[in-house]
Every structure is written in C-alpha cells, then in structure tokens.
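Work out the full structure: start from the sequences and follow the hints.
Each chain, written out:
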Amino acid sequence: MDFLQAVVEPLSYPFMVRALLAAILVGILCPVVGAYMVLKGLSFFGDALAHAILPGIVITFLVGWPLAVGALASALIAVLLIGVISQRSALQEDTAIGIVFAGAFALGVALLSTVSSFAVDLTHILFGDVLGVSSADLWVMLALGVVVLGVVALFYKEFLVLTFDPMLALVLRLPATALRYLLLSMIALTVVTSLQTVGISLVLAMLVTPAATARMLTRRLPAMMAVAAVLGVVANVIGLYISYYWNVASGPMMVLVSTLLFGLVFLFAPGRGMIWRMVQTAAAPS
Amino acid sequence: MLPGQKRSASHHPALHDASLPAVELENVSVRYDQTIALEQITLRLNRGDRVAVVGPNGAGKSTLFHVIAGVVRPTEGQVRIYGSGPGRHICVGYVPQRKVIDWNFPVTVTDVVMMGRVGKMGFLRWPARRDRAAVRAALDEVGMSAFADRQIGELSGGQQQRVFLARVLAQEAELLLMDEPLTGLDMPSQDAILTLLDRIQQQGVTVMVASHDLNQAGEQFPTLLLLNRRLVAFGSPAQVLTTPNLLAAYGGHMHVVHTGDGDVLLADTCCSGGAELSTPSLAHTAAPVVQSVPQETVEGMRPPR
Numbered sequence: 001m002d003f004l005q006a007v008v009e010p011l012s013y014p015f016m017v018r019a020l021l022a023a024i025l026v027g028i029l030c031p032v033v034g035a036y037m038v039l040k041g042l043s044f045f046g047d048a049l050a051h052a053i054l055p056g057i058v059i060t061f062l063v064g065w066p067l068a069v070g071a072l073a074s075a076l077i078a079v080l081l082i083g084v085i086s087q088r089s090a091l092q093e094d095t096a097i098g099i100v101f102a103g104a105f106a107l108g109v110a111l112l113s114t115v116s117s118f119a120v121d122l123t124h125i126l127f128g129d130v131l132g133v134s135s136a137d138l139w140v141m142l143a144l145g146v147v148v149l150g151v152v153a154l155f156y157k158e159f160l161v162l163t164f165d166p167m168l169a170l171v172l173r174l175p176a177t178a179l180r181y182l183l184l185s186m187i188a189l190t191v192v193t194s195l196q197t198v199g200i201s202l203v204l205a206m207l208v209t210p211a212a213t214a215r216m217l218t219r220r221l222p223a224m225m226a227v228a229a230v231l232g233v234v235a236n237v238i239g240l241y242i243s244y245y246w247n248v249a250s251g252p253m254m255v256l257v258s259t260l261l262f263g264l265v266f267l268f269a270p271g272r273g274m275i276w277r278m279v280q281t282a283a284a285p286s
Numbered sequence: 001m002l003p004g005q006k007r008s009a010s011h012h013p014a015l016h017d018a019s020l021p022a023v024e025l026e027n028v029s030v031r032y033d034q035t036i037a038l039e040q041i042t043l044r045l046n047r048g049d050r051v052a053v054v055g056p057n058g059a060g061k062s063t064l065f066h067v068i069a070g071v072v073r074p075t076e077g078q079v080r081i082y083g084s085g086p087g088r089h090i091c092v093g094y095v096p097q098r099k100v101i102d103w104n105f106p107v108t109v110t111d112v113v114m115m116g117r118v119g120k121m122g123f124l125r126w127p128a129r130r131d132r133a134a135v136r137a138a139l140d141e142v143g144m145s146a147f148a149d150r151q152i153g154e155l156s157g158g159q160q161q162r163v164f165l166a167r168v169l170a171q172e173a174e175l176l177l178m179d180e181p182l183t184g185l186d187m188p189s190q191d192a193i194l195t196l197l198d199r200i201q202q203q204g205v206t207v208m209v210a211s212h213d214l215n216q217a218g219e220q221f222p223t224l225l226l227l228n229r230r231l232v233a234f235g236s237p238a239q240v241l242t243t244p245n246l247l248a249a250y251g252g253h254m255h256v257v258h259t260g261d262g263d264v265l266l267a268d269t270c271c272s273g274g275a276e277l278s279t280p281s282l283a284h285t286a287a288p289v290v291q292s293v294p295q296e297t298v299e300g301m302r303p304p305r
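Quick mapping for you: the protein sequence lines, in order, are chains A and B. By our numbering, the letter at position 61 of the first sequence is numbered 61, and the numbering carries on one by one without gaps. By our numbering, the letter at position 68 of the second sequence is numbered 68, and the numbering carries on one by one without gaps.
Mixed in with the good hints, there may be bad ones.
Unchecked claim - Just the calculated beta-carbon pair ranges, DEER-fashion:
| hint | chain 1 | residue 1 | chain 2 | residue 2 | range |
| --- | --- | --- | --- | --- | --- |
| 1 | A | A136 | B | G122 | 36 to 44 Å |
| 2 | A | S113 | B | R132 | 40 to 48 Å |
| 3 | A | F266 | B | A146 | 28 to 36 Å |
| 4 | A | F15 | B | R150 | 44 to 52 Å |
| 5 | A | V7 | B | R150 | 37 to 45 Å |
| 6 | A | Y156 | B | S145 | 34 to 42 Å |
No lab work stands behind these hints: they were computed from the structure. None of these values were measured; they are calculated from a predicted model. Ideal placement from N, C-alpha and C gives every residue a C-beta, glycine not left out.
Written as structure tokens, this is what we have:
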C-alpha cells in the first residue's frame, strides 16, 4: 500500500471525513485562543474552566438546549466564584480555582450519573468521540469557531494590550473587566467546540501545547497564532490517521503527536532549543 | 458603554483648558484594608511641570501614580486632571516598572508603540495611516526607528525605556508618569532618558518621575515631591532636601551623624520591606488578566505592615 493510498483509504468512510474536518477545525481554533493563555499564564485556569463547564453541559443536554449555552453560563459562574473567593478571603487565587474547579466538576459528574448511559457519556465528554461527530455537530462547531475567531480578530488589539500590559488597558480607559470576561468566554466556547474531538480532560493540551511550541519559533503574536494553528492541524490530522491504523483512541493520539512536536522544538528549535544552546555553550570559549 | 470613537473625541487634548492645573489633588487618602497608603495629599502641578517623586520604599509613590492615572480610586479626596476626574481622560501616559513587563512577550518595538494608539483608534478598528505615522514619528523622536522590528526582549534596558516613552508620545499623552525609569540603567542610558524627558517636557507635557535616587532627583529635576504616605515637602531641591524633611520622610532609616567635618546623613533602607517589594506574589502572576483593579495594580507597592 503506497502513501497516497494510505491517506485516501480511510476517507472512504464518511465518519472519517467528518472526523478529519472536526480535527482540522479544532486544530485551528484551540491554538489561536490558547496563545493568550500561554502568554498570560492561564494554563491552570483554562484547565479548570474546561472542567467547570461540565454541570452546564449536562443540564443543557438533559433539557435539550444547545450545549454552548450551558457551557458559557457555567464558565462565567465559575469565573465569578473564583474572583469572589480569592478577593474576599485570604486564599491565593490558585486555591480558589482548585476549589471551584473540583466542586463544579463533581456536580457535573453527579448530575450525569443520573442518566442511564452514564459511563459511555462520561467517557465521551472526558476524552471526546471524534469518530462519532455528526454533520449537525460539524455545523455547530463551524458556527462556534467562526464566532470565536471573529471575536479574536475584532478585539485583537484590545486583547493584546490586556495581555501584555493590563495597566495600560486601564490608563487607556478600555473596559478591562468586560474584555477579560469576553476573552474567558471565548476560552469556554472553544472548550465546547472541542468537546467532541478531545473532551474536556485533554482540551487543555490542544489549547496550550501548539501555542507553546509556536512561541518558541516566533517573535510576534500573529505569527505565533498562525504557526500554532498549523501545528495544531498537523498534530490532529496525523494523530487521527495513527489512531485509524493502530486502533488507538483518537483524542489522546492527537495530543500525543502535539506533545511530540513540542518536544522536538523544545530540543532543536534554532537559536532557542535546548540542544542548540548546549552546543553553543560547548562551542563558546570559556 | 460609549463607543470608542465618541470617547476619544470628547476627550481630545485640544479640549483641555491649559489654564487649569494639570494635576490637582485635594486631601487625597488611599487605604487598603487596614493599611494606609496615602494620607491627606494636597498637591497642584501646572502644565509642563517636571517633578521627581522621592521617598522611602513603601512611601506610596506608585499608589500616588495610580491615583493620578485614575486606576486606583482614592478612599477620600478629589483628583482632577485638567479640571476633570482622571477616569475621563486618555491623556495620561504611563511607563511601567521594568519588572512588571514580560520581556519575552512576542511583540516588536512597533507593536508596543502602537498599543499607545489603541485608545484613540476605538473599537473594531485596525490601525489607520495616521496611527502608523504617529508610531513612526514617536520612534524617530526617541531614536529607535532602526529597531522598529526587533522583539522587545532583544533590546538593552535603556532602549526598552525609550520604546515605552515612544508609546507615551504615540498616545499623545499630556501627563507622563514614570515609575523608577532609571533603576538599573547605566549612566549613558540614564542621560539619554533624561534628555528625552527634557524634550517631552518642552512640548508641554507634565512629567512625574518616581525615583529613589535623591541626588539624581535633586540635580535633574526643578521640583521635588518628598513623600512618606503624607506629603512631607514639595518645592525646589533646596527647599525639599533639608535634614528635617529627610528625617521626617525616612524616619528610622535615617541617621544623622555629627563628625568633625560636619553632619553626615546615613540612609539605610535595606530591610524595611524592600524584599517584599521585589517579589511579586504568585497569585498575581497567575491572575487572569485584570481581576480587580486595586489588588492587581498596587501589587508590589503595598507599604510594609
């Protein structure tokens, strides 16, 4: 079987075509939003947010509303609670995040356990089910993706100021709090969009890993976002094919490829990689 | 919310009445929980004044700047910038302390200076030709045009300060607040910044610089403001830098030693919270963007308990 055939063959199954489209979409979307998280040190916060949306998702799922509505509501409530706890107590913010994150996640799992197909649903929500993506799912993902990328494009300069120098945002009288909630909402929507592809346990890797890899290769934010999106797509597509041929779970495989790409860049990035630096240190006269 | 366009138009610099004081504080106090950061400050600066704000660590220099910038609301008292409350201006330029900036951030010199234009551009707009022209002119002014495409971490400390001054120029600020701009810079870089401040001041911009170097402040600034939560003294260096004033401001850290050659003033600010100041808490580095204005922005400037 030659290479081309190996690439084309899986696409004779419609579910694989839909999975591939979903993987590409999420591969573009997550790293663009994740770039802000990497730059602002929001990884833990993002992971917490991903888990904290579970109760909202379960409730809207049971009621039959669009999942994005419940996810957004959950996310905003979680963010508000984290803010209130860290400001009105002597606790550090990461402690507040931990409390809210675990509590909300527990609530979500408890709610879900009342549903009969509990085990299957929970696994899908936690780790994704990209092979089960329907055409309707794809359209919803596309719509959410367009909204998120549109907001990032429209508020690019405000988000940049907010991330780089929050004090400047205040001095320029930008509505910093509103912008912050907008950015966090975009993270929440991205998590919802990625739900079926990787699930809430692994979505953090899609948000953060390609963006972190890209950061080591670029010097400007737009370039970082573009490179991160390319890395995200490459990792997801390769991961999907590996999962097809080796019969491995697809979400984790995509994350593993992405992690591998990070490792390669971490070691070998020109100028900034670890090996590069070691060689330079060794070559430099002491 | 007001559309950005309308906001920037209604606070166009031209509307500023130059006959009104650039900065006016009336009985301004700031308290956080139980600690007093500023107490009963009354102050008036005219357009084009150039003032060094001096005082010991924890004297409230940064808090004073935050109050003037409208980022921290005073617990008591009134702040007016050209006659109106600071929250209504986008004319306050500010150069952050070096340690609060992530110098590895993927932005170029041009990107940083363009950020000064964001308030003028308004929402949902991309930089127009005049924004790019303003950025180029500002970079020319500070002599950094040749570095326009460099990532900011690739510059020296003095060059980085000049980039932030260019940002203030691009912002068309009329009041410039700089927090310890000369700390850690070599002498030529310090001179370059001071020369730039001269030029900025000549354009009618009011300049306030926080400094812990009393000698330099006395030599380079016509007006000093000596602060230790209260306003200890305000005036020319000769008026301000007197033994009673310095003792009042530096208190226990200051020792007057009588020697055969006259009085020697020994300053000792080593252990009074300086360590606390230089270690930003993890909570804040991990904080999601701007959580709450007071806590985040006064981070690192809390007076010692």
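Return holds or violated for the Cβ distance of A136 (chain A) and G122 (chain B) against the range 36 to 44 Å.
holds (39 Å)
For V7 (chain A) and R150 (chain B), compare the CB-CB distance with the range 37 to 45 Å and indicate the outcome.
At roughly 42 Å between Cβ atoms, R150 (chain B) and V7 (chain A) fall inside 37 to 45 Å, so the hint holds.
Does the Cβ-Cβ separation between S113 (chain A) and R132 (chain B) fall within 40 to 48 Å?
violated (58 Å)
C-beta pair F15 (chain A), R150 (chain B): status relative to the range 44 to 52 Å that was hinted:
holds (49 Å)
Take the C-beta atom of F266 (chain A) and the C-beta atom of A146 (chain B), compute their distance, and say whether it sits inside 28 to 36 Å.
holds (32 Å)
Kindly confirm whether 34 to 42 Å is satisfied by the beta carbon distance between Y156 (chain A) and S145 (chain B).
violated (24 Å)
Violation of the numbered hints given earlier is confined to hints 2 and 6; the remaining hints are satisfied by the structure.
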